[in-house]
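> Place chains B, C and D with the ligands on chain A using the hints.
Sequences listed follow chains A, B, C and D, in order. Each number in our numbering corresponds to the 1-based position in the first sequence with 3 added. Each number in our numbering corresponds to the 1-based position in the second sequence with 16 added. So that you can map any letter, position 432 of the third sequence is 422 in our numbering, and since no number is skipped, the others follow by simple counting. Each number in our numbering corresponds to the 1-based position in the fourth sequence with 4 added.
To be clear, the hints were calculated from the coordinates, so they are not data collected in a lab. Glycine is no exception: its CB is placed at the ideal position from the N, C-alpha and C atoms. Be a bit skeptical, because a hint or two may be false.
Stated by the list, open to error - Examples of chain C residues toward chain B, derived with CB under 7 Å:
#1 F116
#2 T147
#3 D843
#4 H910
Unchecked claim - With a Cα cut of at most 20 Å, we get these calculated SDA-like pairs of lysine to any residue:
#5 D:K89 - D:C12
#6 B:K284 - B:Y175
#7 B:K305 - C:F135
#8 B:K114 - C:G123
#9 C:K584 - A:V117
#10 C:K413 - D:D75
#11 D:K30 - D:R88
#12 C:K820 - C:A635
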Amino acid sequence: MASSMSSRDFSLSVADCPLIQVEGWDGTLTQFEKSVSASLGTKLPASVGETVRHKGLLIIRVAPRRLWLALDEGTQAPALAVDPDLGCSVPLGEGRVRLKMTGPDIARLLSGCVTVDWHAPAAAPGRAVLTSFHHVSVVFLRTGETACELIVPRSFARSLSDWIADG
Amino acid sequence: MARYSAFSILRNALSGQKNWQRAWRAAEPKSSYDVIVIGGGGHGLATAFYLAENHDIRNVAVLEKGYVGGGNVGRNTTVIRSNYLLDGNTQFYEFSMKLWEDMSRALNFNVMFSQRGQLVTAHSADQLDGFSHRANVMRLNGIDADILDREEVRRLVPYLDFSDTARFPIHGAIFQGRAGTARHDAVAWGYARAADGHGVDIIQNCEVTGFVRNGDRIVGVETTKGRIGAGKIGLAVAGHTSVLGTKAGLELPIESHVLQAFVTEPLKPLVDHVVAYGADHFYVSQSDKGGLVFGGNLDGYNSYAQRGNLGVVREVAEAAIALMPCISRVRLLRHWGGVMDMTPDASPIICPTPIEGLYLNGGWCYGGFKATPASGWCFAHTIATGKPHPLIAAYGLDRFRTGHTLDEAGVGPSAWLQ
Amino acid sequence: MSSNHKRLSMGGRIDREQPVEFTFDGRKLAGYRGDTLASALLANGVTLVGRSFKYHRPRGIFSAGPEEPNALVTLGSAGRREPNLPATTLELADGMVVESQNRWPSLAFDVQSVNGLLAPFLSAGFYYKTFMGPTRRAWMFYEHFIRKAAGLGRAGTDADPDRYEVRHAFADVAIVGGGPAGLSAARAAAAAGARVALIEQDFLLGGQLLAEPSDSAAASWLKQAEAELEGFETAALMKRTAAFGSYDGNVLGLVEQRDPTDPQPNGETRQTVTMLRARSIVFATGAIERPMVFSNNDRPGVMLASAARTYLNRFAVLPGKKIIVATTNDGAWRTAFDYAAAGAEVTVADLRPVPPAALAAEAAWLGVVVRAATRIVDLNGGHAVRRVTLNGPDGQSEAACDLVCVSGGWSPTVHLTSHLGSKPAYRDDIDGFVPGSFPAGRFGAGAMMGTYATGDAIEDGHRAGTEAASSCGKSASVPAPSKLDLDETATISLREIPSVGRGKAFVDFQMDVTTEDIELAHREGYESVEHLKRYTTLGMGTDQGKTSNFAALAAMATLRRATIPKTGVTTFRPPYTPVAIGALAGRATGHHFKPIRRTPMHDWHMANGAEMLEVGLWMRPYFYPQSGRDVNDAYVAEMRNVRQAAGLMDISTLGKIDVQGPDAAIFLDRIYANGFAKLPVGRARYGVMLRDDGIVFDDGTTTRLAENRFFMTTSTAKAADVLSRLEFLLDTAWPDLRVAVTSVSDEWAAMSVAGPNSRAVLSAAFPALDVSDEALPHMGLLESEWEGRALRILRLSYSGERAYEIYVGATAGEQLWSRLLEAGRAFDLKPYGVEALGALRVEKGHVAGPEIDGRTTLDDLGLGRMAGKRSGFVGDVLRRRPALQAPNRQRLVGLECIEDGKRLRGGAILFLPDEKPYGHGRGRVTSVSFSPERGHYVGLALLAGDVAAEGSEVVAVYPMKDDETVRARIVSPVFLDPQGERLHG
Amino acid sequence: MLRIECPCCGPRDHDEFRYGGDASVKRPAHDDPDPEAWHRYVYIRTNPAGPHREFWQHVTGCRQWLVVERDTRNHAIAAVDFARKLRARKSTLRKSPA
Ligand SMILES: Cc1cc2nc3c(=O)[nH]c(=O)nc-3n(C[C@H](O)[C@H](O)[C@H](O)COP(=O)(O)OP(=O)(O)OC[C@H]3O[C@@H](n4cnc5c(N)ncnc54)[C@H](O)[C@@H]3O)c2cc1C
Ligand SMILES: NC(=O)c1ccc[n+]([C@@H]2O[C@H](COP(=O)([O-])OP(=O)(O)OC[C@H]3O[C@@H](n4cnc5c(N)ncnc54)[C@H](O)[C@@H]3O)[C@@H](O)[C@H]2O)c1
Ligand SMILES: Cc1cc2nc3c(=O)[nH]c(=O)nc-3n(C[C@H](O)[C@H](O)[C@H](O)COP(=O)(O)O)c2cc1C
Ligand SMILES: [Zn+2]
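With the rest of the complex left out, here is chain A:
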């Protein structure tokens, strides 16, 4: 899926969302995170909502023991061998879609979609906010001063992008 709409200096584009989820078991989390960060070759976001960018890879902590590894278009999936005694991984990229939005009026537009405080530190560029959009779970990514993305379930993507487009 890759379509887009553009209007009064606002643009919305819809793209696929290659994505892997890794999760560590309670109790052995530190070893798990060590091994993950070793095999990714970067540190991991410390708390939920933090993200780390690394070689076309966006690492988002979506829960205390859960990380999402989102790949930019074209980047190869990292070779991850998760030790089953420490945790597990599951690909989620087929089922997610990225809605990318930019425009000076974006904060106002978003206020009709998600309960995110555009000006709060928790939503500052580089941050992720897990929230809901018209009853649907989404991940809000603040990508710039006047830009953001929403990672949404594929089955809802059209309904939600229609909502944004009507906004």
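Just chains B, C and D with the ligands, lined up with the frame of chain A:
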């Protein structure tokens, strides 16, 4: 007690309304009563009335912590229907319907029981099958019921959304012509006045704060107006059942949740029936004053606060517009909440309790207004005879232990979590 | 009548450069930008604006704000028709079409005003005492007329063409009210470094300052304050925005009207509801003036003193030249002075024995006649006032007048601060109620706290703003606000005892509640304020008694010989001012009411004309028209094709859950009634989950992908509930189990290929894969890749035919779907919809939604053997409860219609052939289908175990189809291939 | 709206959460055969008018099940924590002697 009638109104009009008496005496507690009913809501007052009327037990007091009718009876959306599916519910609610049909005259108080008919929309063939099942059971129990197709619904309520932008198109509806509404306050006042006429003491601003025991028997109550002795005690405090139940040492399968209700500005007649949306949580009727009275779903968390939150207000408004786009510009005038005694199978509990002398009437969830007369009738019988009235045989406390639950919706315990 | 003949030639806050035209009851009238409808009507000399609720008495304009009880009008027409709008809050816009309401045939001549003559009979609550006979249903007859008479405006029945928004907003400090107190609070908070939202319902900031002359010190203070605020880009000034409700978590509900005067491109949002989450809130909502109670005090031409002053100074309208100011306090004197200065002939009737000397002096200087210890007892006038009867030390006297300004004191606007349940507290010194208590993060300032004098209000606002800011950590030092002293003398008001002559004296104007009604309520024992309200409908109108409630409860207090605080107030509820339901719904209307969930193959279904069906939020193919002209034709044809050749079904809506971890098998063993620990890798198993109470919760198949990894499917409807339940058990009950559960419902496109030709279809579609029965036996799994996406083929059957469930990465779903159809063409592969799917499973005796209805157990569904001797799984203990084991419990059976030309129907009630069909019967038909196999209708039913012997007969009764009865034979629920050869053949 | 401070996501409207009811009732061990224990767990509630420990799942956020202590009379929230953490703490308590 002077009778109310067109004539009494004429007579008083000529004497400048100066000769009306109190609807009920401002009674202060005696030292003891044969029966004390706790809770001056619809059920408590009806119970007191039928104790006197049907069982000639007149040394009775109704203790109300606030003002009579200030609880759920005075804040509910007043839908009265008898379209229940399950054996045990069906007969009880139909008996209640029959009592409603005669209530104004029985009480000599116009409760404005308006049998304007209730319909619930169906939005798929399967849903309509489910409704047909219900309607079949009703007919087979001698209760009026009809199934309407899309066109029949359109003829009855053309202002619903029959456009092709409807998210959940209307396939048909189930309709009960005898269903309707009544004036909530009048029900409380009517029973209070009629009970008072039989000598029942109605004591307001009298909160029960504890129970007086003699061995394992309860022989009285502590109240904000002092200790009052009682031969038997009937508990009919709806949303506060657990609070008093716990004080009495009962362990109950009840959670208190808040349900909101809404009313719009007064309008000329627009909605002539009770209309419920089968695809989501919204139902509406128009009060005789002209306000659209509507409701939706529980707020969804335990609450003893008689108020809800903005999230549900919005959800209900969304559902309202989905069903009736024409009320978009009609303005919400007021919204409030009531504290509901929710049971795990959404059916009530009326029965003697393990504690001698204490009888329980509660667990009415959001459906107890329609039950008011039958509940009072059967509870009075149960208190008077010590044995459950046949119509409430299914409403015992032990049903959860035995598995004889009556789950109309089939959502199971903690239904309100879904 | 010359238009605007009551308009002064100069002054006011109207823009004389911008005339505005509108119509009232068809009359063309003109005003200016900056007018409200009310000020424009007054300027045009229109005094009669509405009719009251019960007696249809003529009413005029009483206030200058949302507290207006009388001047309610209807705006617009068709889908834009909007009833019950207070003229005092309508910002005048060009082309407004305004109608008066609750009158027939016309405003000036209203037939129902005869109700006035009937008044003696229509006392409070009269309807409770009559209309009870002669027949049982008599009320239905009377109600018809009562409903017609009641109600105010008429609503339209067309859909609303306009657009609404709901927005989410955040602020450090929200300030409700843009009067002097609010303005200085906002300034203080912003200066302290807080992000501020200032919320004002009016289209101008200033509050009561707008009632001051437009060239006064107050006006320049206001100008400066506004300029200062606009200087902070961290301060949002939200005009035309009412805070309608105050909710938990410091959330305010706001509704903003768009500026009606600036021409909007179509499709612009008419109203926006904002949910504002503030860290702290300052309430600076001011105070509302009270009327006085005397005979005929409701006539057009009687007006609140502060409102009269607002019309004079803000709108440059002089509604009267000969005016009486009746007051209990100092404030109203300023109205007298300004009117005198504007050239009106003014008399002040002050209830107090000795009005303050300073005021008396100024009055003398301005030629204002002062009558101390004097009150109005009666008023003469029809559509406009003519005369009042005054009663003072020197007895009764009459005074001609064309405007009567009243002030019975002030009531602080404590609505919002009461919404969370804190009862307001009575303050003797101001004879009014102020907020009871403030939870953390909430503050009050100005008149709403009883701080009336402007100078004090400004300082109070400054204090509150500073505190509010520091309570959320913003405490930069703030310079003091510039002062403003309007030399208002303190407002000591004397409680007015209603004085009633012969005509009715109104307390609640809109609901037509009079002093007599209050006496009657008291006499009949409805003496609690809540009973008083409900019995008389006091305060239940569109204005919610903003002006009237205090006078009413004061009157009741007197009757009860109780103090005001003991008598108490009724409960304040949201909304503060009425809110359009459409605004609360925002954009979630039409197809946006709920989000639409589409499968990866959705576009194909649409392109191929499938009839679609809403299933929860999902859209699913119901049937394909190419199979038959209607659903009944189509599903049978689609069934036949599955049984004879092969069918393709989109099953992507199934819930799918990835279950992983060292303890995954143990976990599944606990949550399923049947065991999974021993399930070999590469094999699937049908599983059933129970609720804790032992009732069946959901079913589906779970496949073991690896030692530690399972792939679970759930029903479409229960997907979300099942996942939350699993997470609940892992987080709260068994945190020691190392298991991760993740929804992968969106990850996979899922389709089922069913029918004798299904294997052939697969080998054609996947030439590279070995789909032989050896490689892929029944309940087997084949994992591979297709077009670079993961591929899972499960050999499962729901239809009873040899069948395969194919799962592929969602992005390749539509592509694979087409590929299969193409490869299947040679084998008559055709798509089928949910109706056929349902029919196929009925024929095979598989239970689904209608049987798993939240009341049935494993045994009821004939699945008891699945659990066998197992224990320790969810629901195991309570499913053993006696009632759930009773022999006469309804169990699953099959039914076969044995009457030619008749059919079974879902929802039919079952009786024994010899018994009278009455009551609840022995069971019911749950699902039916025409069976091409059997050539007649078959069905599944739940039937009492003690009469469910196979071979015996029952009668299916269906009153809804004119009492249709159908004889049926009880058979095994498996109508098709009991040995399951087709699965393998 | 109730604003619930999720320990890992921060303060959110309560409609981002799924309510899970009374958290003070103790779920019997999965293999506990005692019907009375299960009856109490599934049905019996103290339903206090006052402080109430209850489960909420941050279902549109981190999906963690939380235990919230809230006053049912005024919705004032005194404490929020992960159900797992409390559970863990409890089980250690149970292990410790005495
Ligand atoms: C918003 C809402 C909508 C509803 N809609 C409908 C509907 O459409 N149809 C329907 O059938 N039902 C409806 N219901 C349910 C119905 O209102 C209730 O089930 C029913 O009123 C409960 O019985 P009651 O009238 O006796 O309760 P209440 O009127 O609540 O009576 C209980 C009384 O006990 C008093 N009390 C409590 N504790 C004490 C104490 N310690 N001492 C003394 N007195 C005490 C209370 O003050 C109260 O007055 C609705 C309820 C609500 C809240
Ligand atoms: N003369 C008297 O006796 C007397 C008595 C009371 C008040 N006053 C005057 O009142 C003023 C007090 O200043 P203040 O700022 O406290 O009150 P104010 O009346 O000047 O300002 C209150 C503002 O709040 C707004 N408001 C109220 N509820 C609102 C809501 N829910 N949403 C949005 N806006 C809302 C009103 O529109 C108004 O603009 C002084 O000017 C004083 O002279 C005089
Ligand atoms: C059927 C019904 C109709 C109502 N109509 C109105 C109305 O027209 N105007 C109004 O202000 N309130 C109306 N109310 C709401 C009451 O004013 C009040 O809010 C409700 O009974 C709850 O009481 P409380 O708000 O004092 O807690 C109505 C309530 C009910 C149950
Ligand atoms: Zn969270």
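> Of the hints stated earlier, which fail here?
none
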